[in-house]
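K.L.:
Residue numbers (the working numbering), protein chains in the order written: chain A, 1 to 178; chain B, 179 to 698.
Among the hints, a few may not be true.
As the list claims (entries may be wrong) - Output of the computed footprint for chain B on chain A, the stretches with three or more beta carbons under 8 Å from beta carbons of chain B:
| no. | region |
| --- | --- |
| 1 | 67-73 |
| 2 | 81-91 |
| 3 | 150-157 |
Said to hold, decoys possible - Which residues of chain A face chain B? A few of them, derived with a C-beta cut under 7 Å, are:
| no. | residue |
| --- | --- |
| 4 | 14 |
| 5 | 24 |
| 6 | 29 |
| 7 | 37 |
| 8 | 40 |
| 9 | 41 |
| 10 | 45 |
| 11 | 107 |
| 12 | 110 |
| 13 | 127 |
Since the hints were made in silico from the structure, they are not lab data. Nothing here was measured: the structure is a model prediction, and the numbers come from that model. Cβ coordinates follow ideal geometry from the N, Cα and C atoms, glycine included.
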Amino acid sequence: MPDTAKIRPARPLGAGAWIGQVLLYGLFALAIGVFSQWPPYRHLGEDQALIKLSFSRVGKPVGDCRTLSAAELAKLPPNMRAPTVCPRERSPVTVEVDLNGTTVLKRIAPPTGLSKDGASAVYERLVVPAGEHLITVRLSDDVRARDQAYRHESTVKLVPGQVLVIDFDAGKGGITLQ
Amino acid sequence: MQRPTASFRQHGLKVWRTIEGGFDTAFGSALNPLRHLGAIGFLAFWLLAASGVVLFIFFDTSVAGAWRSIEELSRLPLGLGRLLRGLHRYAADVLVLAMGLHLLREWLHGHERGFRRFHWLTGVPLIGFVFVGAIGGFWINWDELGQFSAIASLEWFDALPMMAAPLARNFLAVEAVSDRLFSLFVFVHIGVPLLLLFGLWFHIQRVTRAAVMPPRALALGLLATLAVLALAWPVTSHAPAALARVPGELRLDWILLFLHPLTYATSPAFVWVLVGGGTLLLFALPFLPQPARAAVAVVDAANCNGCRRCFADCPYAAITMVPHPNQRIGRTLAQVDPDLCAGCGICAGACPSSTPFRSAAQLVTGIDMPQLTVSALRRQLQQALAASPSARPLVVFGCDHGARCSNLGGADVSPFSLLCTGQLPPSFVEYALRDGAAGVLVAACSEGGCEFRLGERWTAERLAGQREPHLRASVARERLELVFAGPGDEAQLLAGLERLRRRVIPLEPDADLPARLHHA
């Protein structure tokens, strides 16, 4: 490796250049130090809380199951002669949230999958003032039923920064608040 | 009429060069950090890898243990933990800054097009790898900042229509977060940087002598700066993650995490359009209308002896050696890949058959540039010296991309602007002196500022006799002035010319040299 210092001896740096280097290194450090921690960021206001509405639920089939007639069964291969057929497609899940008597959220979650036979999923955020709220949640997972299948109403007291999760758990009776 | 983008780029380049000039004053051109941005990015990556390996030894990859293990690390004696942690975080910030400035500098110089298209296109995906790897680093600490970043990232991803179930549901409740999730975190924070390393290899594989480390003095300066910063301004954790609460005030790293606040201030869709659109634009830039490419080097098999000097000196690995068509055993021939050739002419300057002392009327060299052949350069030099009104003319060999030499003052000056100073075979200096020149000035770009990366370095080494082909030792060095002057450094060029003029005026014509070769 050739000694490049012999080819072009480095111009000796004056005191000003050294001070400049120190200043530039210092500015660089300051910029990184400052912007890696400052300005502070607040995701919610100091008097706000967050409601997360989230569930993943497979809706009811869009139609009734039908019993096949003997003639229809006879047309099928012997190994496929199931007595009833049900539609694969699932109902979209509709959910509404009222806060203190006012509807603040309404979502219709379509079933996933190419055959629309998957779960319907919702994830929504509601930033609300901290304090006491009357929350009403209505959920319907069957297009054939006129009324909402599930309903939950309760009064909650939210402290600033609290996250209230509205979920659906059939094992716990439906709509849950936690 | 000039396109607005071209004008914008030119103005930007002017500003950039002004700033670069300021840094030259403080650091000198060889150590100017703005000329080593890619290498600084590499340094930051090595630092991240080294500190990350040590951090990982202490790290407990579990929900309950992650935060605690990093807190314990911070309490290592002698500030070692603080140093490690600070270096790791601040190196990530440096990597992002160096990458952004590197991208800007290359674009301002028009380096997204032509033979550099490959480097540009392989560089764009690295931006994504860097950010994904860096953001994942906040998650594994699993403090309030990590919680916020993880949820914000997944809520952003959930905006994509392809998601069947919201990913952010994984962070709804404490029970949902398990130790297995840390396998994903570790993949994001270690696996993606490994992909980044692989991508970096692609990015530089068509570059000869790629700089993967800045000059030692600069590297030490940066390391010392980061170490002082890490100790003086330590990186600390927030409170442990608590999914039942939204973190209050966060000390956000705006360099690495700016996308999160931007997403909440606008919308996930807006940020997707911004990121996707920006990425598409970067990918599209090399394909926009651009100036015609420079002619590439041409090999003449009859004059190529397979010495490999062009192969060794090409900055872009555009030359390979193949069996010579004359079928003599062991004889090779240079072959130019037109897609990789920059058209800089450094290969012509490296070719031993490029010497102007050859007696052939039509000088054909082993490898040459069609737009300015060695033969044409010799002819122009002869004509200029013959036509010079001065009895003791000065010859200047400059560079199209460096300080402008074409309008240098003085009737005694014969300037020649080359494709790159590296195109100059050193024997031309001796030839010019033998042909009547009183002195020769060679103007290369400032160190590290060569448009073709290595031209100024090879020129300096060849003239110093440290690289082949070298300038013969018998050539009087007082008749040669080597100046490093980049674009805009015309004053430096003039000063160098004046130094040469003052030096050669008192000198008698060299008695050892024969009379003018062609027009005595």
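K.L.:
Which numbered hints does this structure break?
P.N.:
Structure breaks hints 1, 2, 3, 4, 10, 11, 12, 13.
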